[in-house]
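Chain A is already provided as a structure; the job is to place chain B with the ligands on it using the hints.
So the protein sequences, as listed, match chains A and B. Residue numbering for the first sequence follows my numbering, beginning at 3 and increasing consecutively. Residue numbering for the second sequence follows my numbering, beginning at 2 and increasing consecutively.
Worth flagging that the hints you see were computed from the coordinates, not collected in a lab. Glycine residues also receive a C-beta, built at the ideal position from the N, C-alpha and C atoms. One thing to keep in mind: the hints can contain errors.
What the hints assert, rightly or not - Computed from the model, here is a short list of chain A residues facing chain B with C-beta under 10 Å:
(1) 7
(2) 11
(3) 19
(4) 23
(5) 24
(6) 92
(7) 93
(8) 94
(9) 96
(10) 97
(11) 99
(12) 101
(13) 103
(14) 104
(15) 259
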Amino acid sequence: MSERPSTFSLLLSQTKYQNKIFFRNPIAAFFTLFFPLMIFLVFSLVFGNEEIPYLGVTTAQYYAPAMAVFAAVSATYTNLAVATAYQRDQGILKRIRGTPLPPAVYMGGKIVSAIMIATMSVLIMMTIGVVFYGVQIFAATLLSAVVTFVIGVASFAALGLLIAAVVSSGEAATAVTNATLLPLAFFSGVFIPPTEAMPAWLDAVANFFPLKHFAEPFVAAFNPLTVGAGWDWASLGYMTFWGVIAGALAIRFFKWESPVGRGGRSKRRKKGAAVA
Amino acid sequence: MCWNSGMSVIEVQDLVKHYGEIEAVAGVDLSIDAGEVFALLGPNGAGKTTIVEILEGHRTKTSGSVSVLGCDPAKAGRAYRERIGIVLQATAVEEQLTVEEAIDLYGSLYPKQRKTGELIELVGLEEKTHSRIKALSGGQRRRLEFALGIVGDPEVIFLDEPTTGFDPSARRQAWSIVENLTALGKTVLLTTHYMDEAQRLADRVAVIVKGKIVAEGTPETLGGRESATALITFEANGRSIEELPLSAGVATLSENGRVTVRSMDPTRDLHQITGWAIERGVELSGLTVTRPSLEDIYLELTGGTGGV
Ligand SMILES: Nc1ncnc2c1ncn2[C@@H]1O[C@H](COP(=O)(O)OP(=O)(O)OP(=O)(O)O)[C@@H](O)[C@H]1O
Ligand SMILES: [Mg+2]
Chain A
3 MSERPSTFSL
13 LLSQTKYQNK
23 IFFRNPIAAF
33 FTLFFPLMIF
43 LVFSLVFGNE
53 EIPYLGVTTA
63 QYYAPAMAVF
73 AAVSATYTNL
83 AVATAYQRDQ
93 GILKRIRGTP
103 LPPAVYMGGK
113 IVSAIMIATM
123 SVLIMMTIGV
133 VFYGVQIFAA
143 TLLSAVVTFV
153 IGVASFAALG
163 LLIAAVVSSG
173 EAATAVTNAT
183 LLPLAFFSGV
193 FIPPTEAMPA
203 WLDAVANFFP
213 LKHFAEPFVA
223 AFNPLTVGAG
233 WDWASLGYMT
243 FWGVIAGALA
253 IRFFKWESPV
263 GRGGRSKRRK
273 KGAAVA
Chain B
2 MCWNSGMSVI
12 EVQDLVKHYG
22 EIEAVAGVDL
32 SIDAGEVFAL
42 LGPNGAGKTT
52 IVEILEGHRT
62 KTSGSVSVLG
72 CDPAKAGRAY
82 RERIGIVLQA
92 TAVEEQLTVE
102 EAIDLYGSLY
112 PKQRKTGELI
122 ELVGLEEKTH
132 SRIKALSGGQ
142 RRRLEFALGI
152 VGDPEVIFLD
162 EPTTGFDPSA
172 RRQAWSIVEN
182 LTALGKTVLL
192 TTHYMDEAQR
202 LADRVAVIVK
212 GKIVAEGTPE
222 TLGGRESATA
232 LITFEANGRS
242 IEELPLSAGV
252 ATLSENGRVT
262 VRSMDPTRDL
272 HQITGWAIER
282 GVELSGLTVT
292 RPSLEDIYLE
302 LTGGTGGV
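Okay, chain A solo, but in the shape it has when bound (with noise of 0.2 Å):
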């Protein structure tokens, strides 16, 4: 009756519950687990289920695992950062902080949750991509692709909560995800295939950023033209690099009330889309 809780129970608790309230905000659930789908369809639709001449692979085959590196980050950076930002603004932090919750476990509670919609969103693209689009996995670089995978969401999670972090208001987490994410998805590979055409300046901006270093190796997993075991471990290091010292910052800059003050009914809106 008075054990307390263990870290495990509440870690489990916590993370089914992010779970919970994620399923029952229909936008962000809509924006993460669909609208990459549909951009996948549509794309396979348009440019029909042809090879894509100087990739040598079929649109499906590109898109499916470029499409499901874009629901990942969606999952992870787009909607931690919204929903905690929103959470914030609410007071939910603040009751949150006013019970004896650790806040690592709370953190990793939703960290834990985002990564299994991650999980779940890149598990129904490639199912969808396998069953109807003819999209090939290769057991030579499977292993690669889920160590890409966990690096690239647990990076990114890490990137959304440093956007919590350091915005005002969930408003704000809304436009700079947004801002930032959508742009880069252009040049880093997820939206476009790499071209020879692009800049030679917009191709450092996009190596500078972690995003391509996710969807370029994750990509190639796929690509029945990649030699060997597919590792890119400068893409994996440097992912890394980026997700712990964004960790590091999130941590340093948290705040678990709005800075306006009090976090409260006036501020109450309604829950953002995760990606508008």
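What follows is chain B with the ligands alone, placed relative to chain A:
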């Protein structure tokens, strides 16, 4: 960061809090014993929430010393939060959860937890057990927050305007919950703008104006209430108040035709007034004698102002 001590449950000395230029709390001392219900009264912006949130560990003090259950709330962690319960003035709960889920979830964070069903009944939300919080009215949300504040069976409970937005019957229900808590030996620090609430619940009250305590005492004795002027009122029925024989009081005639006598010596004045009336065969219809209410005293102490 807790040490055991024989001191009061809540001990505050010379507490000061600045927000930039604003001095929200300007040297407050409080000493609240185990099992006491203590109410902080004061106009909007007086500093009540600031004091309470410093004690909860939500805000940091500028100077002074603060201890709750022998802990410094600013440094105390999990062990401290297992022993306190908080109802914040302005806050929210995840709207996607149901009432039952929210109470279960928050209850699961504490070593001791009160039964969800009992709590729901206690705050009168039985019919909303499975409703999403999104669909609750303002007062119902407040009741839920009340339940969440005590779900961990705390020893010390902070209630910042807990019944604001309650309908009269919900307020009475909340009062009996607080009385219930004190019967269990809990210590309660509450803020309120309702004088009847303070009168009913508090063992002691303090009135705060601009960050300073201007009066402190039991609801009965606050601001010399027990010895204060009494009010004698009756219908004028067209008579002039000049006729009244008064030794200690001051009579005024209000627009609605009632005479009000403020008396320092009500026994003597009442005797003279009734004697005078009997002599003339006059009926003093609607005769009442009252002591100033807690609200009258409060308004006097706070200068009847709306705030800062
Ligand atoms: N986070 C903050 N930043 C700056 N000023 C603040 C902050 N919180 C409160 N104040 C100011 O400090 C003063 C005291 O505020 P506080 O909320 O403690 O008052 P209160 O007595 O609880 O009022 P109310 O009855 O309206 O709830 C006010 O002048 C308020 O504007
Ligand atoms: Mg207040």
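query: Under the criterion of a CB-CB separation shorter than 10 Å, is residue 99 of chain A in contact with chain B as hinted?
result: With Cβ-Cβ at 7 Å, under 10 Å, it holds.
- prompt: Holds or violated: is there a CB of chain B closer than 10 Å to the CB of residue 7 of chain A?
  reply: Result: holds, 6 Å to nearest chain B Cβ.
Given residue 92 of chain A was flagged as interface, is its beta-carbon under 10 Å from a beta-carbon of chain B?
4 Å, holds
Q. With a cut-off of 10 Å, does the beta carbon of residue 259 of chain A approach a beta carbon of chain B closely enough for the hint to hold?
A. 7 Å, holds
Let's test the interface hint: is any C-beta of chain B closer than 10 Å to that of residue 23 of chain A? 4 Å, holds
- Query: Holds or violated: residue 19 of chain A as interface residue toward chain B, Cβ cutoff 10 Å?
  - Reply: Holds - the Cβ of residue 19 of chain A comes within 10 Å of chain B, reaching about 6 Å at its closest.
Check: At a threshold of 10 Å, is the proposed contact between residue 96 of chain A and chain B supported by beta-carbon distances?
Finding: At about 6 Å, which falls below the 10 Å cut-off, the nearest Cβ of chain B leaves the hint on residue 96 of chain A intact, so it holds.
Does residue 101 of chain A pass the interface hint, meaning its C-beta sits closer than 10 Å to a C-beta of chain B? OK, holds: residue 101 of chain A within 10 Å of chain B, min 5 Å.
- Query: Does residue 103 of chain A pass the interface check with chain B, least Cβ-Cβ distance below 10 Å?
  - Reply: At 5 Å from the nearest chain B Cβ, residue 103 of chain A passes the 10 Å test, so the hint holds.
Under the criterion of a CB-CB separation shorter than 10 Å, is residue 94 of chain A in contact with chain B as hinted? 6 Å, holds
| request: Verify the interface restraint on residue 97 of chain A: the C-beta must sit less than 10 Å from at least one C-beta of chain B. | output: Since chain B brings a Cβ to about 5 Å from residue 97 of chain A, closer than 10 Å, the hint holds.
Chain B contact restraint for residue 93 of chain A - C-beta distance below 10 Å: 4 Å, holds
Of the hints listed earlier, there is not a single one the structure fails to meet.
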